[in-house]
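A.B. asks: Here's the letter readout for the chains.
There are 2 protein chains.
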Amino acid sequence: MNEKSLIKLIKSTLNSGYIGDDCAYLEDLGIVVTQDSLVEDVHFKRDLITPFQLGYKTVMVNISDICASGAEPKYMTISLSLPDTVDENFVKDFYEGAKKASKDVKIAGGDLTGSDKIYISAAAIGSDDGRKISSRANAKAGYKLIVSGEHGNSAYGLCLLLENNVTPTERINNKFISAHLMPAAQREFSKAIAENIKDDYAMMDTSDGLADALIQIAQASGVRLEIDTSKIPHDPVVDIDTVLYGGEDYQLVAAVPEYMLKNLNAYTIIGDVNTGNTGLVIDGEFYTDIDSKLYKHFKE
Amino acid sequence: MNEKSLIKLIKSTLNSGYIGDDCAYLEDLGIVVTQDSLVEDVHFKRDLITPFQLGYKTVMVNISDICASGAEPKYMTISLSLPDTVDENFVKDFYEGAKKASKDVKIAGGDLTGSDKIYISAAAIGSDDGRKISSRANAKAGYKLIVSGEHGNSAYGLCLLLENNVTPTERINNKFISAHLMPAAQREFSKAIAENIKDDYAMMDTSDGLADALIQIAQASGVRLEIDTSKIPHDPVVDIDTVLYGGEDYQLVAAVPEYMLKNLNAYTIIGDVNTGNTGLVIDGEFYTDIDSKLYKHFKE
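Chains as they are written, first to last, in my numbering: chain A, 1 to 300; chain B, 1 to 300.
Treat the hints as calculated values from the structure; they're not laboratory data. Please note: incorrect hints may appear among the correct ones.
Here are the simulated lysine-lysine pairs, DSS-like style, with alpha carbons at most 27 Å apart [what the hints assert, rightly or not]: (1) B:K92 / A:K8; (2) A:K132 / B:K106; (3) B:K100 / A:K4; (4) A:K103 / B:K4; (5) B:K117 / A:K11; (6) A:K106 / B:K132; (7) A:K117 / A:K100; (8) B:K99 / A:K4; (9) B:K100 / A:K8; (10) B:K103 / A:K8; (11) B:K103 / A:K11; (12) B:K191 / B:K262; (13) B:K8 / A:K106; (14) A:K11 / B:K100; (15) B:K11 / A:K117; (16) B:K117 / A:K92; (17) A:K11 / B:K106.
Generate the whole structure from the sequences, applying the supplied hints.
C.D. replies: Here is the structure:
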């Protein structure tokens with residue numbers, strides 16, 4: 001069974017209306033909450049990422065989910081499970097990285113246990129104060145599809161890392177490797193939309209790839225999304241398959257009414273939300289599913 | 001480095017005032033948050049607990065932390081990392097157990113990833129609405145030390161399980177094994193205190209054992225706790241070392257002013273908070289530390 005089938009099974013077992021978005025919106029408490037795990041040899045390899053970068057990425061991955069909801073990131077908890085082979089320098093460097101990434105988001109607690117491999121699970125909490133919260137089910141015909149930043153850099157950076165001839169300096173200075181190891185959550189893009197929009201809207205991060213996020217929005221909203229790949233911001237060295245299907249960029253993609261674009265500084269329109277069969281039209285070609293093209297982790 | 005030294009290191013790295021209690025109190029949002037992980041072969045063995053029981057226990061362990069804070073448990077997220085050898089029946093049974101334990105607490109999301117062993121991390125959120133939140137630093141001389149329920153049953157149950165001659169029926173009907181596999185968070189005890197108390201107070205759950213909770217309260221509050229072991233509720237077959245140092249009962253221990261005991265139905269006074277050297281006096285013997293006597297997990 002794949003992840004999506006299992007999530008369906010969990011939803012039906014719990015009979016929960018919450019599971020589906022990057023964050024759960026707990027309206028009575030005025031907060032959103034998310035939890036994401038990073039597992040050694042599934043999501044990262046110890047020799048390809050420093051403890052500092054791992055702490056940094058753990059925080060950004062979770063803050064990115066909060067940003068996808070439109071909420072203001074406020075607090076995090078981090079649970080670390082560590083093998084005996086990991087010493088206190090790992091823990092110190094990990095939390096230095098976490099602190100660097102979290103800025104004004106407070107790391108308020110967590111848990112520390114033993115394990116065979118490094119398991120990291122973090123939860124993040126955001127506030128809806130003055131913000132309108134997104135849902136991937138809220139895309140409407142007539143809306144514009146917009147994205148933040150460049151796409152495909154992280155997957156391209158992972159390829160460079162796996163090629164194994166990367167010097168330590170390149171790991172720090174190379175824009176693609178940096179995009180993979182130390183991604184940046186799109187807090188300003190999220191804030192500009194969530195503070196200014198009056199209507200329901202859809203927003204997701206591109207943790208599983210841009211095309212996957214678009215398909216999720218199309219399916220949840222029951223709409224037809226049409227995109228023009230020539231409009232997607234990307235570095236010229238990155239091919240369009242990596243731009244569409246490479247994961248872990250932690251950019252944002254949103255479906256919003258056109259009136260609110262005037263409130264945004266940095267965005268790119270990549271397509272439109274239309275009526276018609278539910279799915280994603282990429283340069284005129286219609287897809288209801290892109291599972292076969294999805295970015296794969298090291299092992300799955 | 002042991003867990004406590006590492007937590008000190010994390011606190012100093014983050015310069016965080018939050019880390020220390022079972023829950024972090026996020027006053028501006030009116031909530032408390034906690035995160036706890038259960039790792040295969042560290043906290044549980046797959047052949048000694050069913051998936052249903054594991055889901056049940058995951059929820060109770062986290063709700064217990066919320067109860068220790070005095071907050072009302074409201075929401076949870078659960079992150080599951082599973083090996084390929086685990087099928088959809090495991091996931092279904094796990095969430096059936098989680099649902100059974102959570103009752104009105106809503107499971108609002110989480111994450112699902114691959115891994116080598118089963119790794120579970122859950123976060124729980126509670127509301128401070130109408131409740132006074134505890135801190136282990138709030139015990140004051142003159143307060144009474146009170147506990148909920150029986151102590152030592154879970155550790156005794158674990159011994160029975162490890163003896164390996166337990167039939168499936170005994171696993172369900174045996175009170176000690178049930179206390180270990182399907183503990184009950186003390187929601188009523190917590191609520192009765194938190195809704196009725198006016199002063200600051202200390203409360204912890206006994207996840208790491210009763211004596212450990214008392215030492216933590218003594219150290220954080222800078223007080224001398226004195227207990228009489230003959231007063232601690234326990235089954236006659238459980239020896240006093242297991243009562244004091246056995247973990248995972250998920251009972252509550254609190255230091256509260258005497259005036260508020262009239263609002264409680266079910267509690268036992270086991271001692272007093274006094275001035276004097278910081279530490280724990282057990283039947284007249286003074287301890288500043290009980291690390292050598294602590295309950296050990298399967299591997300640590």
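A.B. asks: So, for every hint listed, does it hold in this structure?
C.D. replies: Now the hints, each set against the structure:
1. B:K92 / A:K8: 11 Å, holds
2. A:K132 / B:K106: 22 Å, holds
3. B:K100 / A:K4: 23 Å, holds
4. A:K103 / B:K4: Given pair A:K103, B:K4 holds - Cα atoms ~25 Å apart, limit 27 Å.
5. B:K117 / A:K11: 23 Å, holds
6. A:K106 / B:K132: The given pair, whose Cα atoms are some 22 Å apart, holds under the 27 Å limit.
7. A:K117 / A:K100: Between A:K117 and A:K100 the Cα gap is close to 24 Å, so the pair holds against 27 Å.
8. B:K99 / A:K4: The hint holds at about 20 Å.
9. B:K100 / A:K8: 19 Å, holds
10. B:K103 / A:K8: This hinted pair holds, its Cα atoms lying about 21 Å apart.
11. B:K103 / A:K11: 16 Å, holds
12. B:K191 / B:K262: Within the cut-off at roughly 14 Å; holds.
13. B:K8 / A:K106: 17 Å, holds
14. A:K11 / B:K100: 15 Å, holds
15. B:K11 / A:K117: Distance ~23 Å between B:K11 and A:K117 Cα, so the pair holds.
16. B:K117 / A:K92: 25 Å, holds
17. A:K11 / B:K106: Judged against 27 Å, a Cα distance of about 12 Å means the pair holds.
Hint compliance for this structure: no hint is broken.
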